[in-house]
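Since the structure of chain A is provided, determine the placement of chain B on it from the hints.
Spelled out, the chains give:
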Amino acid sequence: MKSRPFRMELFKLSRKPIALLSVLVLLALCKAALLAVHAPILPDEEGSAFAYLAQSASMTMVLWWFLLLCLAAASISNERSRGILRMHLSRPVGRGAFLFARVGALLVVLALLLAADAAVGVLLASLFRNFGDVADPALQGPQFSASAMAFGILRCYLLTFLGLAAALAMGVLFSVLTANPVTAIAWAAGTGLVTEGVRRVFEISMGAYVHYVPTQYIFIHFDQIKSLSHGFSIAVPGSSYLLLSIGIPLAYFLTFILVAHKVLQRADIGE
Amino acid sequence: MPDAPGDSAAAEETSHEQRAAIEVRALSRRFGETLALRDFDMTVFRGEVHGFLGRNGAGKTTAIRILAGLINADAGRAEILGEGVVGGSHAVRRRVGFLVESPAFFAHLNGRDNLWCHAMLMGGIEKSQVDASLDLFGLSAAAGRKVGGYSLGMRQRLGLAQAFLGDPEIIVLDEPAIGLDPGGVIAIREIIQRYSAEKGTTFLISSHTLGEMERLCSRVSIIDEGALVAEGTLGDLGATGRITVRVDNTPKALLLIEEWFDRSEPRLRSGDRIQLTIGEGDVPELVRRLVEAGLAVREVSTGPAVLEDLFLDLVGSGGVS
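Going line by line, the protein sequences match chains A and B. Quick note: the first sequence, position 242, residue 242 per this note's numbering, numbers continuous. Quick note: the second sequence, position 268, residue 268 per this note's numbering, numbers continuous.
For the record, the hints were derived by calculation from the structure and aren't laboratory data. Please read all numbers here as calculations on a predicted model, not as lab measurements. Mixed in with the good hints, there may be bad ones.
[To be verified] Here are the simulated DSS-like pairs of lysine-lysine, each with C-alpha atoms no more than 25 Å apart in a straight line: (1) 127/B - 199/B; (2) 12/A - 127/B; (3) 146/B - 16/A; (4) 199/B - 16/A; (5) 12/A - 146/B; (6) 146/B - 127/B.
Looking at chain A on its own, in the form it has when it is part of the complex (with noise of 0.2 Å):
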């Protein structure tokens, strides 16, 4: 059964058909651009629409965590800024299941987005390459059938909803330490950067996405790498390595959102 306050938060998703497709538009025109520059050096053989897809994910989702930041950052300190959120709290809703129907909500929009990306990313590749079987010229191993390929980019993208889950209830917590949106966004976008240079300063592995960028293909490789870094290198079992890539933004994601529940049950309303 759907709680209350989560029913109202899809209630008001289903009142911005034109905000949603807004960003469908964006996401397409980002996904264009972006491999319109990137297209030549991509392989033009059989199979190699999945190249495309891959390599338009992994440059697409540094847009989304960014996006996400900040989209999470002002979900509650700019409702709470205006006053909707002191009349939404003086109903018979606690704070917890407001917070909870409110993470929920921006999930629901992170499911889309990445949806939404993969169908955008799936049609611009077919209308460039074909999306057959593939041998994998990296590993030079053996030919890797259409649907093995699906599925591989299927399991990222799966990843990817964690890691950017984790980053969407980080905004969150950002959202509750502060009543005013413009610090709060200045916060994510300030801590997005900050994490996006050192990640790529030190080569820090922070979400599933990044697992698109090393080569090409090699997101049907889970299970052959070794390593895993996450600030520092660990060498790890296959098994253990997708056990980690759900595990840490899993870890993040509710560290984030208890202590934004915390955060929450102790704040004044309206002040």
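This is chain B only, laid out in the frame that chain A set:
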């Protein structure tokens, strides 16, 4: 056999608790260096229209925000319909409608959708009830328009509509008349009176419009610097009987009255009105002396203090002359 005194006191206390819709005891809240509420007490009985008066910054909104569960108290107890709201359950708020400070809504949603959001948060509210609430405050025609295009008065009426949504047992209104035109003020007054009379709804209304409160409220609580300074019916609070005199030379009359009548406490009120406390039997003597002193007496009236006078007596004008 008559009840023992202890039984009687216990019965009286039980009756008091049963009658209390809102009960606040020794509530304190500090914001940094400012003590917003200091051992504040207030009782609002079921079915009454209760006025909550005080100067700006006296602590009214802080008390209402605690009742609405928006902020916590540092100390004390606040109960609505017998359930604690300080660190307690929020379920009781299903039976209460709040309009705390100025209303705020999603600008991109229309009036009906905004109210539907509140209905979803409350649970058990039908769409027909949303429409009825909009209709009650004359917003049916504008229900489909985005709230971003509403005037201040329309937003206020939408705020009132959300407070009345689902016919709650208690409605707490913080400055309900802000932004309303005179017709709107009269309409709100009539709605409150009708709900009180027909449905037995309890109202707690905070306002600076003392004339309106005098027309509406059966009891009032007056707060100053975070503490209760008076509570009761208007009759109780102004029961001493006031004499109001209008003369042509008020400064001279004030001096003479002070000289003639001990403890009359004459005060200059708006315009040329002097208010004083003397027995009704002394009124002919007062008029005779004023006339003999060469003053033109334009009017003499007796009656309980008007709310404005009572308010000024208790808390002053706050430095505003």
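Would you list, in rising numerical order, the hints stated earlier that this structure does not obey? 4
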